[in-house]
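Asks: Take a look at the letters that make up each chain.
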Amino acid sequence: MERNMTRIALFAALIAALGLIPSLTLAFGVPITAQSMGVMLAGAILGAKRGALAVLLFMALVALGLPLLAGGRGGLGAFVAPTSGFFLGWPVAAFVTGLIVERLRSGPLAVTVALASIIGGIVVMYAFGIVGMSMALDKTLAECTLLVTAFIPGDIIKAVLTGLITQALARSRPAALLSRS
Amino acid sequence: MTGVELRDIGVTLAGRPVLQGVSARLEEPRVGIVGRNGSGKTTLARVIAGLVAPDAGQARIDGADMAADRRAALATVGIIFQNPDHQIIFPTVLEEIAFGLTQQGQRPRAAEAAARAMLDRFGKGHWAPAATHSLSQGQKQLLCLMAVLAMRPRVVVMDEPFSGLDIPTRLQLMRYLDGIAAQVVMITHDPGQLRGFDRILWLEGGRLIADGPPDAVLPRFEAQMREWGGLDDLAHLAG
Amino acid sequence: MISLISPVETWAHRIPAGAKLLALSALTVALFLTDRPAVLAAATLAVIALYLSAGTAFLRQGARHLRMLWPFLLLIALWHGLTGQAQAGIVIALRLLAALALANFVTMTTRLTDMIAVLTWVLSPLRRLGLPTRAVTLAIAMVLRFTPMLVENGQRLALSWRARSPRRPGWRIVVPMAALALDDADHVAEALRARGGILNDIPDGRN
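Chains as they are written, first to last, in the working numbering: chain H, 10 to 190; chain A, 27 to 265; chain C, 2 to 208.
Simulated from the structure, these hints should not be mistaken for lab results. Each hint can be trusted.
Across the chosen pairs, the derived CB separations fall in these ranges:
# : chain 1 : residue 1 : chain 2 : residue 2 : range
1 : H       : 80        : C       : 38        : 29 to 37 Å
2 : A       : 162       : C       : 50        : 40 to 48 Å
3 : H       : 165       : A       : 41        : 40 to 48 Å
4 : C       : 74        : H       : 165       : 26 to 34 Å
5 : C       : 153       : A       : 246       : 37 to 45 Å
6 : C       : 187       : A       : 42        : 12 to 20 Å
Which bits of chain A does chain C cover? Going by a derived footprint, with three or more residues having C-beta under 8 Å, they are:
# : region
7 : 94-105
8 : 113-125
With the C-beta cut set under 7 Å, the calculated list includes, among others, these residues of chain C facing chain H:
#  : residue
9  : 136
10 : 144
11 : 183
Think of the CB as a built atom: it goes at the ideal place given N, C-alpha and C, for glycine as much as any other residue.
Isolated chain H (complex conformation) (with noise of 0.2 Å):
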């Protein structure tokens, strides 16, 4: 009980680090926030339940008024920007994520990581994204479909980073994959 709920707390702590810390350069030289990666990274690493409740408790703190997302933002104001549709499918990414982390057990661990973080955190991700930003700027699903094409390409990075991370954390400490345990 309590280590499931300090485990759930401290993820949480950790995706609002990973917006604060200053130009984490993830790859290319292009700096891309790597706080949506803490997202996946919650579902692959703690499962599809705790990962989905450290997003949750994140977004609470958001909600609260701390400005923890990546660039300072945060507040009420963080549900109702064109973008909150991504915002609000995180707790449903991690959890598709962990799910699929959970479920899918043969295969190398990075592939299946990856392949889980982009049906979680990309496919899923953007389906709330696009029909938040088709409700906020009154515009048709596909139109909005086509404006967040842009993004995708750094998000698949973000994924197979989260794949690679993920690995790396079994073979440093096995037990701290609580997704597979």
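Assemble the complex: chain H is given as a structure, and chains A and C must be docked to it using the hints.
Replies: Leaving out everything else, chains A and C in the frame of chain H:
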């Protein structure tokens, strides 16, 4: 039955025996436990505080099993860890101290008042709203001490509380410790921190190899440490 | 940790958080239900007046929080300029501006403790269903406590990387950061247990 009573304690972690056949009845106000890294002293601290239930034997304080009866443990024993960053749960000083008191069943308002009183007792009333993260290492350790003392435990277990602190900070904290009415069980590898203590236990390889007054145990301990210091046992991997 | 709450004490700080949140929800829904430019323009002016009532410094601070909206406003201007539907574009832009500014206003004028109190109140019915609501407030406090520490961990790990490598650490630093966070979680769980753990029958801050 008063004091800390350890009867034939055995603990096995991950298949490796960490403590074996440790027995002692501790009634003295100041008890030190010395040993090298890996001697099992941290595990013994956790057994005394009831955080680890021994696999063999019995550990009791004032007749109660601290691992089984966590409510009794809250009122009886407090523990201070080596790294205060692992102990401080709350963002502000007042919340950190008040937490243990609400855990003991006090109403939030009463707990806050008692926490302020504890801060005043140490002359640190102005710390109440401070962010715990902004405190220095020594200040964090003092905060942990106040948070534990506020719960009025009969026994305070300290696991290497002064490691990583500079000498003046350590001396100040030790002075605070002198004024404490509770029984103190201090785990350390540094005999210098045990001046004025009443009794010393020496753990080696999970076993108690000496137990007695400081004058009898500490000189032998120091001589042995110096002798081992001449060897190269960093080469051995545990396991 | 720095929060978005305005250091300038305004009249709105004294209004109960619950009332502000309720009004915010109602007004946001209303903003999304109307399509009339006149109504939305009036709403936007009303929000600006709301900020102004707290002083010009407050208004400037509020404007800074709207920075993330500029790319979208630019996009709407371009899109609707090209398609010639200027009125629809104005409706969308005003709605975005008013809704975001209003939400930020509530955040800027409500203290963290008041927000947490509202959250605890909202969650309290769940306690009867056996959900550990106390764990939620405890977890919130822990995130506030540990976020600065994890940031510091990350910076320290990056330094130790650069002390031994000519290249920047990049994403690799996330591995030890996550490992340390999970280790810390286990230590903190022990510290929590040493002080009684999560006991559900203990009164929380509302009582």
